[in-house]
Amino acid sequence: MSLSRPLRALLLAALACCATAIAVAAETKVLRYAFPVAETGFDPVQVSDLYSRIITAHIFEPPLGYDHLARPFKLRPSTAAAMPEVSDDFRSFTFRIKPGLYFADDPAFKGQPRELTAQDYVYAVKRIFDPKLKSPAQPGLEEEKIIGLSELREAALKGQPFDYDREVEGLKALDRYTFRVQLREPRPRHVYGWASDVMGAVAREVVEAYGDKIMEHPVGTGPFRLAEWRRSSHMVLERNPRYREVVYDAQPNADDAEGQALLQRFKGRRLPMVDRVEIAVIEESQPRWLAFLNGEQDVLERLPNEFVDQAVPGGTLAPNLAKRGLQMFRVPGADVTLTVFNMEDPLVGGYTPDKVALRRAMALGTDIGREIQLVRRGQAIPAQSIMPPLTSGYRSELRTEMSAFDLPRAKALLDLYGYVDRNGDGWRERPDGQPLVLEMKTQSDQASRQLDELWKKNMDALGLRAVLKTAQWPENLKSARSGRFMLWRVGSSAGSPDGQGSLERAYGASVGKGNLARFSLPAFDRVYEQLNALPDGPERQALFDQATKLLVAYAPYRVHVHRILTDLAYPWVVGYRRAPFWLDWWQYVDIDPARRPAAP
Numbered sequence: 001m002s003l004s005r006p007l008r009a010l011l012l013a014a015l016a017c018c019a020t021a022i023a024v025a026a027e028t029k030v031l032r033y034a035f036p037v038a039e040t041g042f043d044p045v046q047v048s049d050l051y052s053r054i055i056t057a058h059i060f061e062p063p064l065g066y067d068h069l070a071r072p073f074k075l076r077p078s079t080a081a082a083m084p085e086v087s088d089d090f091r092s093f094t095f096r097i098k099p100g101l102y103f104a105d106d107p108a109f110k111g112q113p114r115e116l117t118a119q120d121y122v123y124a125v126k127r128i129f130d131p132k133l134k135s136p137a138q139p140g141l142e143e144e145k146i147i148g149l150s151e152l153r154e155a156a157l158k159g160q161p162f163d164y165d166r167e168v169e170g171l172k173a174l175d176r177y178t179f180r181v182q183l184r185e186p187r188p189r190h191v192y193g194w195a196s197d198v199m200g201a202v203a204r205e206v207v208e209a210y211g212d213k214i215m216e217h218p219v220g221t222g223p224f225r226l227a228e229w230r231r232s233s234h235m236v237l238e239r240n241p242r243y244r245e246v247v248y249d250a251q252p253n254a255d256d257a258e259g260q261a262l263l264q265r266f267k268g269r270r271l272p273m274v275d276r277v278e279i280a281v282i283e284e285s286q287p288r289w290l291a292f293l294n295g296e297q298d299v300l301e302r303l304p305n306e307f308v309d310q311a312v313p314g315g316t317l318a319p320n321l322a323k324r325g326l327q328m329f330r331v332p333g334a335d336v337t338l339t340v341f342n343m344e345d346p347l348v349g350g351y352t353p354d355k356v357a358l359r360r361a362m363a364l365g366t367d368i369g370r371e372i373q374l375v376r377r378g379q380a381i382p383a384q385s386i387m388p389p390l391t392s393g394y395r396s397e398l399r400t401e402m403s404a405f406d407l408p409r410a411k412a413l414l415d416l417y418g419y420v421d422r423n424g425d426g427w428r429e430r431p432d433g434q435p436l437v438l439e440m441k442t443q444s445d446q447a448s449r450q451l452d453e454l455w456k457k458n459m460d461a462l463g464l465r466a467v468l469k470t471a472q473w474p475e476n477l478k479s480a481r482s483g484r485f486m487l488w489r490v491g492s493s494a495g496s497p498d499g500q501g502s503l504e505r506a507y508g509a510s511v512g513k514g515n516l517a518r519f520s521l522p523a524f525d526r527v528y529e530q531l532n533a534l535p536d537g538p539e540r541q542a543l544f545d546q547a548t549k550l551l552v553a554y555a556p557y558r559v560h561v562h563r564i565l566t567d568l569a570y571p572w573v574v575g576y577r578r579a580p581f582w583l584d585w586w587q588y589v590d591i592d593p594a595r596r597p598a599a600p
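Residue numbers (this note's numbering): 1 to 600.
Read the hints as simulated data drawn from the structure, not as lab findings. Treat the hints loosely; a few may be bogus.
Stated by the list, open to error - Simulated crosslink set (BS3-like; lysine-lysine; CA at most 25 Å straight-line):
1) Lys145 - Lys134
2) Lys172 - Lys145
3) Lys469 - Lys213
4) Lys132 - Lys98
5) Lys213 - Lys110
6) Lys513 - Lys549
7) Lys411 - Lys457
8) Lys132 - Lys213
9) Lys145 - Lys456
10) Lys213 - Lys98
11) Lys74 - Lys110
12) Lys158 - Lys513
13) Lys134 - Lys478
14) Lys456 - Lys411
15) Lys513 - Lys478
16) Lys145 - Lys158
17) Lys74 - Lys267
18) Lys158 - Lys172
19) Lys549 - Lys411
20) Lys478 - Lys132
21) Lys469 - Lys457
22) Lys134 - Lys172
23) Lys469 - Lys456
24) Lys213 - Lys134
25) Lys98 - Lys267
Input sequences plus hints: build the corresponding full structure.
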């Protein structure tokens, strides 16, 4: 049969349209952005830094998660079939895992699909208690008092190999898909911990296959898998082919117009919506900003302070960026920035009045107002305590000495306790006449340099000689956790709605892990332990306030600010929304190829 010329042309045009449609449908959707700090590794039990945990949160799945759109938060099942059964006394929690969920394929499974089971969660939690791994999560989980885990750890500390096969009463798989947690004491907020990637399921055969290299081989059940990694430089995650069928669903507040619009747009879409996530590590803020402006990244999280006036003058997106269709997202951060004093250091540590006076004088001599104005460009509020906004224990109306800048009082404290200039060189000496030199560990990025300059000026004004020691952030974290430092600045983001997690930074049992200051005070530890068993309410808030007073008095940390976070995204990024506590969000965003310019 022969076709007329017009009919042939029409058919060819139709075929071309179909080919184009197939090509668009098959186009790989890539989300690109940059970390300002290098990662340390990808074992959820061993890492504590934010950027490593962003990666692990997209690979490893705990039984519970957070509703992506609900505010301030709403727990929901993740790998669990439903919310756990909780006893009336908050001491027993029974989780049932959905059947038919699988780990990402890995050579450790010898070519066979590996189904997720209840025993994987039992094993994952036991790893936190293995002394060899020095898990930063162990002290906090220790306070949950899961029956039998402390004894298992103690046996290993006495020289025995950690016995993963030993059954403990408080953490037991009842059948293939059910496990039960039993606690010695009531813990009303115990379920929060089961929404953290730290409690993500880990396959034992993967850990045993890779041994000491497990930080380089994350294998989970989550929406993404690690495809490429160049340390401190570049990471690529790809859609996990074994990821179960999960669709976009959420329960935004009725008055949340943005959340309701996102739900209407995406409800029922299968997750993840992007195929690939590419992360560059760009520690210097100017190259990171320029890379974003050049379209090399799709999302810029935490707009660097030095570009605030350029990008969002007066809190409004600059006209040149608005013309390009950029989106601005500005929210208060559930975080706090801190200067950490090593309480075991012979100069700035200790609990005697003269040592406390030195730390409090340094705190009083630190000008937080200028930090907010000059370095942070107004993108922060003064912190009054170590508890971040949006968490229990935080009080917006609270005012403490932590926000005070009082140079005369700071100098008077130093004079009173014998920190004076004895040799006339312009610098104070110690009360015994020995030299006094403060040493701050820092990083080489521009934001750190600006904070360093301001801090050095503050210490100069007090007559305190100060020097800076620069290294990469992971190296400084390693030094801090091992106690090989005097001073360090760090930011701390809330990992759950409970402010008690921030107080762990001063809990004695967490020294060398979350407690970077190595602060150990029995009075504080008693308050911390009492907080565990109480339900949220006035009595618990009074304990939070008592803990704050102790931290202000002894000053193991100088709290600085709670940051206001500004994120920018190109118009082809659809569905972005910053989460208050949880770290996984890649699966909830889409890339619109029609709006993204073609690569040159």
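Consistency of the hints with the structure:
1. Lys145 - Lys134: 18 Å, holds
2. Lys172 - Lys145: This hinted pair holds, its Cα atoms lying about 14 Å apart.
3. Lys469 - Lys213: 30 Å, violated
4. Lys132 - Lys98: 32 Å, violated
5. Lys213 - Lys110: Measuring from Cα to Cα gives roughly 18 Å; hence the hint holds.
6. Lys513 - Lys549: Since the Cα atoms of lysine 513 and lysine 549 sit roughly 23 Å apart, the hinted pair holds (cutoff 25 Å).
7. Lys411 - Lys457: 14 Å, holds
8. Lys132 - Lys213: Cα-Cα ~14 Å, so holds.
9. Lys145 - Lys456: The hint is violated at about 44 Å.
10. Lys213 - Lys98: 30 Å, violated
11. Lys74 - Lys110: It is violated: about 39 Å lies between the C-alpha atoms, which goes past 25 Å.
12. Lys158 - Lys513: At roughly 20 Å apart (the allowed maximum being 25 Å), lysine 513 and lysine 158 satisfy the hint.
13. Lys134 - Lys478: Holds, at roughly 12 Å.
14. Lys456 - Lys411: Measuring from Cα to Cα gives roughly 16 Å; hence the hint holds.
15. Lys513 - Lys478: 10 Å, holds
16. Lys145 - Lys158: 20 Å, holds
17. Lys74 - Lys267: 18 Å, holds
18. Lys158 - Lys172: 24 Å, holds
19. Lys549 - Lys411: Holds, at roughly 22 Å.
20. Lys478 - Lys132: Answer holds: lysine 478 to lysine 132 is near 16 Å, not above 25 Å.
21. Lys469 - Lys457: Holds, at roughly 16 Å.
22. Lys134 - Lys172: 23 Å, holds
23. Lys469 - Lys456: 12 Å, holds
24. Lys213 - Lys134: Status holds; Cα separation ~15 Å.
25. Lys98 - Lys267: Between lysine 98 and lysine 267 the Cα gap is close to 22 Å, so the pair holds against 25 Å.
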